[in-house]
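Listed below, chain by chain, are the residues.
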Amino acid sequence: MSINGASTSENPLGGGDSIIPKKQSRKPKYTKFTQQELPACKPLLTPAWVIGTFMLVGVIFIPIGLVTLLASHSVVEIISQYETACLDQYIPGASKAQKVNYIQDINTAKSCNVTMNINKKMKQPVYIYYELDNFFQNHRRYVKSRSDEQLRGGKVSSSDLDLCAPEAQVNNLPIVPCGLIAWSLFNDTYTFVSRSNGPLTVNKKGIAWNSDVKYKFSSTLLPSNFPNNNVSGGSTIGGGSLDPSSPLALDEDLIVWMRTAALPSFRKLWGKIEIDLEAGDTITVDITNLYNTYSFGGKKKVVLSTTSWLGGKNDFLGFAYLTIGCLCMLLALLFFIVHWRNPRPLGDTSYLSWNKKGNASGENVLQ
Amino acid sequence: MAQKRNGLRLSKMLSFTDCIKAQGASVNGGGGGGGGGGAEGFSRVVFCNQLQRHTKPPYIYQSNYVSTTKYNLLSFFPKALYEQFRRVANLYFLLAAAISLTPATPYSPLSLIAPLTFVIGVSMAKEGIEDWHRFLQDKEINARIVMVYVSKEAQFEETKWQDVKVGNVVRVERDKFFPSDLLMLSSSYLDGVCYVETMNLDGETNLKLKKSLECTVECDEDAKFASFSAEVKCEDPNPSLYTFIGNMEYGGEVLPIGPQQILLRDSKLRNTQYVFGVAIFTGHDTKVMQNATDAPSKRSGIEKKMDSVIYFLFNVLLLIATGGSVVFGIRTKNDSPMWWYLQPDTTTHYYNPKKPAMVGILHFVTALILYGYLIPISLYVSIEIVKLLQVWFINNDLKMYHDETDKPASARTSNLNEELGQVDTILSDKTGTLTCNQMDFLKCSIAGVAYGRGVTEVEKAIARKLGQDVSSLEGASEDDSNNNNNNNNNKGFGKSNKQPKIKGFNFKDARLMNGQWLKQPNSEKIELFFRILAICHTSIPERDEATGKISYEAESPDEASFVVAAREFGFEFIKRTQNSIFVKERNRASGKGIVEREYKILNLLEFNSTRKRMSCVVRFPDGPLMLMCKGADSIIYERLSKIGKVYWETTKMHLAKYGDAGLRTLALAYRVLEEAEYAEWNDVFHTAKTTIGHDRDALLDAASDLIEKDLTLVGATAVEDKLQIGVPECIDKLAQAGLKIWVLTGDKQETAINIGFACSLLRQGMKQIIISLENSDVKAAEEFGDKASIAKVSVDSITHQLAQGFELVTKDSDEDAAYALIIDGKALIYALADDMKDLFLRLAVLCASVVCCRVSPKQKALITRLVKVGTRKATLGIGDGANDVGMIQEADIGIGISGVEGMQAVMASDFAIAQFRYLETLLMVHGHWCYKRISLMVCYFFYKNITFGLTIFYYEACTNFSGQTGYNDWYMSLFNVVFTSLPVMVLGIFEQDVASNVCSEFPALYQQGPHNLFFRWSRILGWMLNGVYSSLVVFAIVTIALKLEAYDIKGHNAGMDVLGATMYSCIVGVVNFQLFMTLSYYTWIQHVVIWGSISFWYVFLAVYGSLPSTFSTTAYKVLAEALAPAPIYWLLILLVPLTCIFPYATFQSYRRMFRPMDHHLIQEIRHLRKHVKEPEEYKHQNKQAVRKTSIGFTAHVDARVSLERKASRLSRMDTSITNSNK
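In the order they appear, the protein sequences are chains L and H. Residues 1 to 367 (full-length UniProt numbering) make up the first sequence, in order. Residues 1 to 1222 (full-length UniProt numbering) make up the second sequence, in order.
It is worth saying that the hints were derived from the structure and are not from the lab. Bear in mind that the values here come from a model prediction, so they are computed numbers and not experimental data. One should not assume that every hint holds.
Okay, derived cross-link-like pairs now, DSS-like style, lysine-lysine, Cα gap no bigger than 30 angstroms in a straight line [what the hints assert, rightly or not]:
1) H/Lys1050 <-> L/Lys204
2) H/Lys652 <-> L/Lys120
3) H/Lys1043 <-> L/Lys32
4) H/Lys126 <-> H/Lys652
5) L/Lys155 <-> L/Lys120
6) L/Lys356 <-> H/Lys767
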């Protein structure tokens, strides 16, 4: 900066004056904005407003809560847990090691069946879910192990493929679809037989999100080098195999599986039964019990459920609305009573902090 | 330039020669000033008028270019960068950025490095800009013009200050500053003296006399410098203002040079046409620059506290990161081998079950970044931006714009905005800050009759209180505007205090003016009174050739005001010769005609601080001898003869009244001398005068004492030390705001006390505790003892006085009693010593007002530090001169008054305002707002980031602490930048609890700042807990609602994508809704920004979701396909924010309804006022809303009113008694 100063000094005398003649007034311009006087709403929390607002929230929330509860109660849901039941048919009271051995042995018989009793009429569509728990589909290593580029059918670079490690390549050939998620695909299957209606057709189409089927998964790309398809001999530790002749977009089970669940317990849509199920009917589910949850002690369930406008059977939301609504009403009442019992006049100067500290003698002087 | 020679040799006048000596003595004796005698080295050689000899080492000295900037081009980068990393948060961010470069990072390094660069960049740019302004100001000063002798041209030429070189001969004109430290050669006075005003150096307003060496006096014309050359050897540059050692070789002689010959940079030439001098020290070598300290980097209290909050959060962060890492390590070791779907056998280091320790450590590093949202870097970005805009508002406030000087307020740093709202103690300079340094003759009391209808502000207010008609007091209608102004103090005081037509004279009374005094009963006394005014002084008249008008040059403005007053009364002092004074006066005998009379001044007994009086022995034209005397009333009273006390009682009453109004009073007396007595005394006096040695002064005092006795009182004068416009009102408001005000002045104790009264910092009924060394013990010790024993006696005396004062204050049972502490600079030397300063401070904080007089610039800084460190509360230093720089820099906030010349104070300050009264707006409006804005903003910021950051933590816990977030990377990086940034900034920029006029109407509201109601730990933790609650609610409700069951009517389940987006939507909703609830002031901006931010999230989600899935990953079509059509999503969006806000709303409602805070009440009062048609009704209420104070205008008036009422009640009783007696 001193360099600058030196250069000005070389100017002929008086040359420095050019800095000064700023005759323009430095008076700030008046605008409501600069003077911070913009027209503004300054609402005052008066008792009426407080009580009124709490009432209002209560009045809105309680009905919503009721409607939501109603919706939840209109949903019929039947759950059947089968991972132990299915095993007990073969090895009753198995140890963990036995269970794991059993499930990993491709030669053991794996079919079993469970029955589900319909207590209430289930209007179609009846959705079929499988439910797993203690399964960390949200584990970082697991979540990252996929290549969206590959699934779209795009050009896969080696760095894309690296994401899929350790299920990226077999013998230097890229696995399609690569990654741990695809590799661990859920592969239990269910067949439903109704006592009254006979075998039930399960619609496996339309269980995935539309956008996934249309854009996220290629309709031309075929699975290749998929390790689960080449299980030879001994045991498998992977998941389901894929039809090498069916493009990815057609395999909705895969697509549903690839949308990773948020929490360690999750349900995934498996299919739809598109006829009404009557109350009192019993449904037998033939299960091929292939998927290994025995290693980590996870449960497996099959679920039949109808939906309402709100989705599945979930009372929580309704109760939450009712709780908050009631709390608000209660508070409104409480505030009302306390205010009614000892009201504070608005703008009462005796509440000012400096008037509270017993300055009585000084006040007389002012009046 | 016309060479007007003043044919007078000032040195021949008695009083001045003594003055010079007295001053020299006081300089040597006066401790605490510049500290220590300067000459460490003695190596400087200056070749006067021979610049060519200064081109080679060692004779190349500093240029006169002065720079007060913190940085230069080279040092800016490292130094400013270092400044930035003094903030703990920045260090943390740097660490995070470093980690983000390793593979452990959960997100891309850019998302961490970019904001850090931005924060540091903005802060550095701010520093740079501020420094640039300093540079521009330097440039302005460096470009000032002075006349420098150029040998080649053989004439003086205009030169910029920065080009003045050591050895240059310069000519400085009247009222100009000296460009460097000069050796004075000669002046327009024949005897080579000149007056210098050193206000910028030590704040003293009286003029100092400098004198050149005898031998150079002759070089007093431009032409004489062609052949001039001399060689000066002197001390090296040092900061001691009052010492100088050197000698000059000139004309074959070697002559000693002392401080008498040195004209210091930044002092100003006064009352002298011009001086010639040689530049000795230039630029940074000058004494004033040697005194300068580097501009300190100040940080506000809130910012410092924010550091502790950051530490706290950092610990929380470490805790949860450690906890997560331990759990992750254990589970990876024990459980993950069974998770076949992860292929634990082929894993990398991050998930290797065989190396749990490594896994834990790596996770810890990842977690540090992952939970980094707890310590938001964007907080700093936002604060920087908000503060810049706050500063912009301060600079653009019309209420702080001064029309006459065309100066708006200017914040020179933006670091301290919120500190303005937390000030506890104001330390103010007096001259130039509180007062204008102008004295007006306002009133007088002659022969027991009070004259003068000029009314001070205090008196007007009292009259109004007593129900009297103010205009009748004033007798003039022109001041009607004043009354209006005072009735509503909120509006600017712009037009009150009109400038009087005649400088130094503001006297209004028809009884004395225009010769009417002749008709007064005591006209001979009045005549005598005027004569004393016209004769008994040391001023010099100066006739303006063009207009013929006479102006007066006096040592102090009050002396000038006497002579002006005498002139206005018809006794015009026109000429002074060696021993005569010529006065044009009205002939009283005839009543008509004006005669010129010559009064012979036989002796002048000059003023000094111990005598507190001055006298002169005068021979009247018609023969008689008279001693005229003026002095402090107590001193004069001691010397009155019995008959001379006729008017004493009434005069004393008048004096008390004047004093309480803050007027400076002097009593006037005379004594007719017998020839014989005089002759006898004159011998004694002459002997004393001619004595050489240190007891000369004592002898002179004793001699004077002999004749100054048996006086007859004539009357008293009252001079108003003109206050700056609006000062009393402003101080009143500040007092009501609960601020403590200390006045630190270089002036005399009496002057300081006067101003105390004028500003209502002192008033009658207040108990004054005066701490000084002016007592007999100390005097005795000074007379006989050596230095050590003087010091000991002094220490004992001060300790005793302080202890006594402390006892007085603490033992007092009267709760309403107010105390004032008055202490002088000499006493302060001891009181500020380490072992006594606590006692001093303890006493001082108990007193309602504190006045320190005769303090040096360094002491000002020391006192400021004492208050700052001792009370641990924010201090504000305000001043206008270079002598206040230390104080301004030491105080937590330094304020410079930019109205006057001399930019040092402004350049050292953090805020510059044109007038003291703007302090009200600056503190009570902007300070209050900024404090609340910033504290609320910071609290909210922590809330918002805790809410968000903890949901990341909870979710990560659900993923087995594997480092996975539920949110898309982009949601995360845009959270603080886009979806929640503007609303919080709007909070920081625009929030107002009450409007600006309400802020000044209810000054006590300001106390919320110093008490730190909005940034205390309970508040901060409250907001944090609110954040923890919100995060729990968001996470719990969303995860439970979306857990297993179908999400929509089509039976789909909510995956990680839906859950993440829903939770994020809820958070955007929650934090923005919370902000909406937090605000109390909604303009269209708030609405646009808050609702805009929420809407923008949806816009973003829609746009981003429509990008190819490889780019949008989990956000792909999530809004269009999954969220928007699902009723459950919208039900959550409604439920979650309301549930989150529930405790806050309940708490606020409860507080509002039953435990209101001050600003709530004031909002209500304002709100109610709108509906009231009768303003009187609310005046009453307003009064109740005003805090009682013991200082300030209001308290002063109240005290006076109750006194007057008592008095009038008494007098009524008296009259009734006398009546009944009759």
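Hints and how they fare:
no.	hint	result
1	H/Lys1050 <-> L/Lys204	13 angstroms, holds
2	H/Lys652 <-> L/Lys120	108 angstroms, violated
3	H/Lys1043 <-> L/Lys32	51 angstroms, violated
4	H/Lys126 <-> H/Lys652	59 angstroms, violated
5	L/Lys155 <-> L/Lys120	51 angstroms, violated
6	L/Lys356 <-> H/Lys767	26 angstroms, holds
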